[in-house]
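Here the protein sequences line up with chains D and H, keeping their order. Those letters in the first sequence? Residues 136 to 376, per the working numbering, in order. Those letters in the second sequence? Residues 35 to 277, per the working numbering, in order.
By construction, these hints were calculated from the structure, which means they are not laboratory data. Idealized CB from N, CA, C, for every residue including glycine. Among the hints, erroneous ones may be present.
Claimed, not checked - Stretches of chain D that chain H covers, calculated by requiring three or more beta carbons in the stretch to come under 8 Å of a beta carbon on chain H:
no., region
1, 179-188
2, 207-214
3, 288-299
4, 347-357
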Amino acid sequence: MAQESTEKSTENLRIQADSITQTAGSLPHGPELFKIDINWSGASVKVLMGESGVGKSTLLKTLGGVWKPRRGNLKINGQDLWSGVGFRQNKSLLREIGFCFQNNALFNSMTCLENLCFPHRKRFPETSEELRISLAKNWLERVELKNTDNLLPHELSGGMQKRLAIARTLMLKPKIVFFDDPTAGLDPITSRQIAKMLHELLLESPALSVVVTNDEDRAKQLSPTCYILENSYLTEKVLKS
Amino acid sequence: MIRFQELRKSFGSKNILNGLDLEINTGEVFFILGRSGTGKSVALKHLVGLLKADSGKIWIDDEEISNYSEQAFYPIRRKCGLVFQLPALVDSRNHYENLVLGIRHLPIEEKKNKIEWALEAVGLEKLIPNLFDRFPPSISYGEQKRLALARTLLPNPEILLYDEPTTGLDPKSSVHIHKLIRGISLNEGKTSVVVSHDMRNALATADRLAVLDAGQVVDLGTPEQILASKVPMTAAFLEDLKA
Numbered sequence: 136m137a138q139e140s141t142e143k144s145t146e147n148l149r150i151q152a153d154s155i156t157q158t159a160g161s162l163p164h165g166p167e168l169f170k171i172d173i174n175w176s177g178a179s180v181k182v183l184m185g186e187s188g189v190g191k192s193t194l195l196k197t198l199g200g201v202w203k204p205r206r207g208n209l210k211i212n213g214q215d216l217w218s219g220v221g222f223r224q225n226k227s228l229l230r231e232i233g234f235c236f237q238n239n240a241l242f243n244s245m246t247c248l249e250n251l252c253f254p255h256r257k258r259f260p261e262t263s264e265e266l267r268i269s270l271a272k273n274w275l276e277r278v279e280l281k282n283t284d285n286l287l288p289h290e291l292s293g294g295m296q297k298r299l300a301i302a303r304t305l306m307l308k309p310k311i312v313f314f315d316d317p318t319a320g321l322d323p324i325t326s327r328q329i330a331k332m333l334h335e336l337l338l339e340s341p342a343l344s345v346v347v348t349n350d351e352d353r354a355k356q357l358s359p360t361c362y363i364l365e366n367s368y369l370t371e372k373v374l375k376s
Numbered sequence: 035m036i037r038f039q040e041l042r043k044s045f046g047s048k049n050i051l052n053g054l055d056l057e058i059n060t061g062e063v064f065f066i067l068g069r070s071g072t073g074k075s076v077a078l079k080h081l082v083g084l085l086k087a088d089s090g091k092i093w094i095d096d097e098e099i100s101n102y103s104e105q106a107f108y109p110i111r112r113k114c115g116l117v118f119q120l121p122a123l124v125d126s127r128n129h130y131e132n133l134v135l136g137i138r139h140l141p142i143e144e145k146k147n148k149i150e151w152a153l154e155a156v157g158l159e160k161l162i163p164n165l166f167d168r169f170p171p172s173i174s175y176g177e178q179k180r181l182a183l184a185r186t187l188l189p190n191p192e193i194l195l196y197d198e199p200t201t202g203l204d205p206k207s208s209v210h211i212h213k214l215i216r217g218i219s220l221n222e223g224k225t226s227v228v229v230s231h232d233m234r235n236a237l238a239t240a241d242r243l244a245v246l247d248a249g250q251v252v253d254l255g256t257p258e259q260i261l262a263s264k265v266p267m268t269a270a271f272l273e274d275l276k277a
């Protein structure tokens with residue numbers, strides 16, 4: 136069960152959304168799904184729930200800088216995320232964001248170890264290869280994927296792929312991290328294990344995390360409260376245990 | 035009636051089905067539960083010839099289909115509608131074109147009526163404006179799942195096979211889809227076989243359930259019997275309900 140408070144520090148960990156709007160799939164002419172104000176700060180876990188099609192994943196992708204909001208201002212750690220040249224994200228700020236996609240988005244042609252090393256190499260080119268490999272092996276161990284270094288994603292079960300995707304996201308030490316339905320499609324036993332592992336990893340991690348889930352049992356494992364996206368707005372709700 | 039007898043299937047060195055024995059009655063709403071990789075979807079795919087067993091036999095009604103050729107499976111596939119785990123919609127076709135894929139031979143008016151019924155049944159009718167002209171990537175994953183379910187219902191198959199029909203859906207939509215599965219079976223006498231991870235809805239919907247482990251049935255019974263079961267795998271599945 137989630138602990139009563141997961142707040143740790145409010146310094147440099149903040150998501151501020153001022154009346155941001157977004158269309159389904161960020162399509163230019165679609166109806167707007169929501170108009171949202173957010174002011175979340177501190178190392179904590181925010182759980183986002185809501186009916187299918189209401190725009191949970193769309194909100195997550197908008198907050199995470201995958202899609203630009205149609206309207207409104209979005210600040211991450213006090214800086215405008217979309218202040219890059221033209222319609223580009225602020226690159227240095229983007230480095231502080233981690234995203235774990237619903238479909239895992241693993242590199243199918245790369246081994247488990249390389250799936251962890253490749254994005255790390257891009258983000259931290261100054262790190263030595265020796266240290267990178269040691270970090271990656273350590274992460275594989277933390278997510279209970281020891282001895283899978285040389286396996287390809289298709290050789291892993293759904294739960295193992297999910298653990299690899301979580302490890303890849305957290306190995307990049309993001310300050311703000313988004314998880315899109317990390318237990319979708321998993322059986323209840325695996326799903327419970329993944330949520331427990333994720334909760335423990337996030338407690339250790341000095342990050343502000345936002346997790347979308349459809350499963351109230353998993354939500355309870357991650358946080359005592361959740362945010363419901365309904366009728367275009369977010370409302371906070373206490374999760375009954 | 036659907037019957038699996040001593041069904042075995044391996045992928046390389048991985049044994050998925052290890053002598054599966056299972057009988058599903060006509061008109062029954064039957065749920066198959068189990069951990070990922072335990073052979074639930076694999077068993078379902080054998081029924082429509084998407085996979086061939088290494089050994090063992092499969093019957094649908096009085097027909098033994100285990101060794102059918104690809105061509106012999108055509109009428110079986112008309113009899114059995116399969117709702118895939120992923121929506122499996124054709125992204126380059128609009129929603130109307132996706133829906134009519136299995137009923138192209140019908141007159142336009144009949145197609146229209148059937149589609150109206152199916153969309154209402156899956157609760158999509160009022161959810162999305164200009165539904166027909168839009169394309170799958172423009173709607174959410176949950177909406178795509180409902181659209182795929184509507185497409186399977188349209189040709190009116192006798193047996194409905196659902197491979198995790200509510201994965202990725204919110205609890206309210208899951209309840210709605212499960213009630214729909216039950217309703218279709220009761221009202222139209224269709225046999226429904228549902229592979230699922232959703233214990234709450236499975237227990238509320240099923241006539242009977244089977245729990246699979248390592249490619250074999252380890253528990254079988256009515257929702258009441260499953261709830262009272264002492265089989266470790268079943269108990270582990272029920273943990274959330276008892277928390």
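Going through the hints against the structure:
Note: the region 179-188 of chain D has 5 residues with beta-carbon separation from chain H under 8 Å; the three-residue rule is met and the coverage holds. With 0 residues bearing a CB less than 8 Å from a CB of chain H, the region 207-214 of chain D misses the requirement of three and the coverage assertion fails. Requiring three or more residues with a Cβ within less than 8 Å of a Cβ of chain H, the coverage given for the region 288-299 of chain D holds, as 3 such residues are present. Counting residues of the region 347-357 of chain D whose C-beta sits closer than 8 Å to any C-beta of chain H gives 4, which meets the bar of three, so the coverage hint holds.
The earlier numbered hint that this structure contradicts is number 2, and it is the only one.
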